[in-house]
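Number of protein chains: 2
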Amino acid sequence: MNSYNITSLIKKKRDKQALEADEIAYLIRQYRRDAVPDYQMSAFLMAAYLNGMNDEEASVLTREMLHSGKVMDLSDVPGIKVDKHSTGGVGDKTSLILAPIVAACGVPVPMISGRGLGHTGGTLDKLESIPGFNVNLDLDRYVEVLRKHNLVLVGQTDEIAPADKRMYALRDVTATVESIPLIAGSIMSKKLAEGIDALVLDVKFGSGAFMKTREEALELAGRLVGIAEEFGKKTIAYLTSMEQPLGCHIGNWLEVEESIGCLNGNGPEDLMSLSHQLAGTMIYLGGKAESIEEGVERSRQAVQDGSAIRKLRDIVLEQDGSADYIDRPDDYPKAATSFQVHAGSEGYVTAMDTYRIGMAALELGAGRTSKEDEIDPHAGIILKKKIGDPVKEGETIAVCFTNNEVTTDKVHLMLQDAITINDVWKQAPELITDVVTREGVTNWTR
Amino acid sequence: MNSYNITSLIKKKRDKQALEADEIAYLIRQYRRDAVPDYQMSAFLMAAYLNGMNDEEASVLTREMLHSGKVMDLSDVPGIKVDKHSTGGVGDKTSLILAPIVAACGVPVPMISGRGLGHTGGTLDKLESIPGFNVNLDLDRYVEVLRKHNLVLVGQTDEIAPADKRMYALRDVTATVESIPLIAGSIMSKKLAEGIDALVLDVKFGSGAFMKTREEALELAGRLVGIAEEFGKKTIAYLTSMEQPLGCHIGNWLEVEESIGCLNGNGPEDLMSLSHQLAGTMIYLGGKAESIEEGVERSRQAVQDGSAIRKLRDIVLEQDGSADYIDRPDDYPKAATSFQVHAGSEGYVTAMDTYRIGMAALELGAGRTSKEDEIDPHAGIILKKKIGDPVKEGETIAVCFTNNEVTTDKVHLMLQDAITINDVWKQAPELITDVVTREGVTNWTR
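Quick note, the sequences are listed as chains C and A, same order.
So in our numbering, the last spot in the first sequence is 455, and the numbers never skip.
So in our numbering, the last spot in the second sequence is 455, and the numbers never skip.
Calculated directly from the structure, the hints in this document are not laboratory data.
Some hints here could point you the wrong way.
What the hints assert, rightly or not - Within a straight-line C-alpha distance of at most 27 angstroms, the following computed BS3-like cross-link-like pairs (lysine-lysine) qualify:
1) C:174 / A:21
2) A:21 / C:21
3) C:20 / A:25
4) A:20 / C:174
5) C:21 / A:20
Please take these sequences and the hints and turn them into a complete structure.
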């Protein structure tokens, strides 16, 4: 491999030029070897943030981060391995619902998840709210559990894409997180390391998501699909709205509880519908349905016949968790304090500032403001009303749970502020707006 | 002082917003205290490079870098203290000529200079080619020598603007050097620390300068004058062309030799004329002439009556240098190897790639490619022809001196390539193009 002057590579990006594949590869490899210091990488990342990266640059970046660590070989596990990745949103617990559904339908789901940061939750934190549940399996055990159950739910180890891990930490403190090519590279390097054959993406946009507009989300989805296809992984991305939280429960155990409800056939319509759509697409990509529609049908059956909830129970037991609360979620210990938020006027819920609702959950203890923070599995919010629902004055619109009493007044105000009640009825926003595949973008109109 | 989240400050600049004075001050102070790591500063610098900084930001940056170290108090030295700063070019030795002239005319010149880097030389390296010359005076001695001779010629110590020193080193390896507000802040923090009352600036543009175009040079000059005036220092900036080297000698001792010639009244016209203009402006700002024109006249007299060369001799002796080579420059030891570059055809010199000529001098040993390089005081180039001069085929156009024989073939080719000979005569470019003061820009037409 050629060697390059690092300052010249930074200069090239600074001057809006594209780097050659060899140049990007050299930069990342030298960074991995500590031959490029953080201060040069952060200057490069800011230049890349402001001047962009083309498809080839993003693809080489992904490849180098992917190969900076272990890439799982799942060829010994029969079947087409499919995972789902969501860019994150408030109340987004679809992973907990669709993973057991898809596995129950015979498609292996090797799921490596992250923790929550900021206003969005993380699947790992939710799983760990189940007493005993162990997300830290070594890689041999990862393969073993997947083979046995068609499902494994673990956290990212230091062996998976370490260059991304280090670069992400650097981006976090240098204001270079929200770059579409850098986000795409970061997501895909981790997903490709799982050993998957196909991928379903849920790219969220709106006040509760990292991408604020549909345009940004479309660009990110296009980048993600492009990279995935370049690595030979068939991928379908859905653009979904985060103009209000997904489902009604926000907070770690509260979201597990709502997911158990869904798997028992008692879930809110928006959450059920999106979970089935994503699960059905995974089942289709996994070769267990002829079409997405048939996949969705199989997904519904797996809930109806109880195979999905049994799959969740099995995986909880396999990964050292207690199944008691899967069977009887009402027995789960409650937070020390709960309080209600009431409607200040009569009318309809017309808007929800989803970001603020996520921040309110964080205040209650459901998330972390820094990587070192402990999270409280009991803390969170149950929404009693969502956009389009009629409310009477004084009616409960949300119930909050916390072990941190000092925040109650603040959270009360935040939620009253975040939920808009108006005289004129407004329809809830369409949840899925577009589908992006290798072939292009399809507007989703039903 | 308020405290700020550093990532938010980087984000603000990334998003093209101006930082408040307090925010810039906080960033620089925390950086000085190692509370801001290099990787955050380099991300900020790249954002500032790409998105710019307004006048207030640049001014606060200057102030903070200035006060990161010692600011000289020269109020005990009588007279209006005036210095000159040049943005650097090939063959630019005006400091060596004008400093003794201005001091001889009764204006104190407290000159703190830098070393050369890249294709341009540095005054310190030139001074050190005089055997024994000591540029490392402590700050007490600095005041004492200035008071005694109206002149002192020293190097930047660690006490002067240490934040700038550290930031410059970071910019050098993160491709963030060529930013006009950052350059302006770096120059002015060092110049203001000298304890000056007024300043003359020589802002060079063209292939041999850091600013490639007149437009960039005008912007930099405007910024420099703006900052200087804000700190209450009367300042006049000249824009001068670097389309060909200044004078005929390039290289450390060779430039001292040419400067001695100038002070003895035997210098090339372009170099003499610019030196007198800058010196005359300093004499005017120092209150020893009623106008710049009168200052220029006094400058010419100081050369004619021998007071300027005597001043150089005095300061060399005061700073431990040998005056022998000031009296008899021909006795200076010669480089081991010299060779001539001949014209390949008959015609006129019509263009000089000044950057390449500077790089050729560097190859011969006159400069350094990294901060650790030793420089060779004997190495360099004497140009026998400049733009507008007629040449015969085979005539000597340059003579090179080196102690590093291996470079001779390479340098020979570089110089033949850098000096264009053409059938059609072309006039040498106008040396001074504009004057920039607080009042604005004046096109310089004589």
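Check your understanding: Hey, residue 20 of chain C versus residue 25 of chain A, does the alpha-carbon distance stay inside 27 angstroms?
Key -> holds, 20 angstroms
Exercise for review: Measure nothing beyond the straight line between the CA atoms of residue 21 of chain A and residue 21 of chain C; if it is 27 angstroms or shorter, mark the hint as holding.
Suggested key: The given pair, whose Cα atoms are some 24 angstroms apart, holds under the 27 angstroms limit.
Check your understanding: Would the pair residue 174 of chain C and residue 21 of chain A pass a check requiring their Cα atoms to be no farther apart than 27 angstroms?
Key -> Holds, at about 25 angstroms.
Exercise for review: Starting from residue 20 of chain A, check that the Cα of residue 174 of chain C is at most 27 angstroms away, please.
Suggested key: holds, 21 angstroms
Check your understanding: Between residue 21 of chain C and residue 20 of chain A, does the CA-CA distance stay at or below 27 angstroms?
Key -> Distance of about 22 angstroms is within 27 angstroms: holds.
When held up to the earlier numbered hints, the structure conflicts with none and fits them all.
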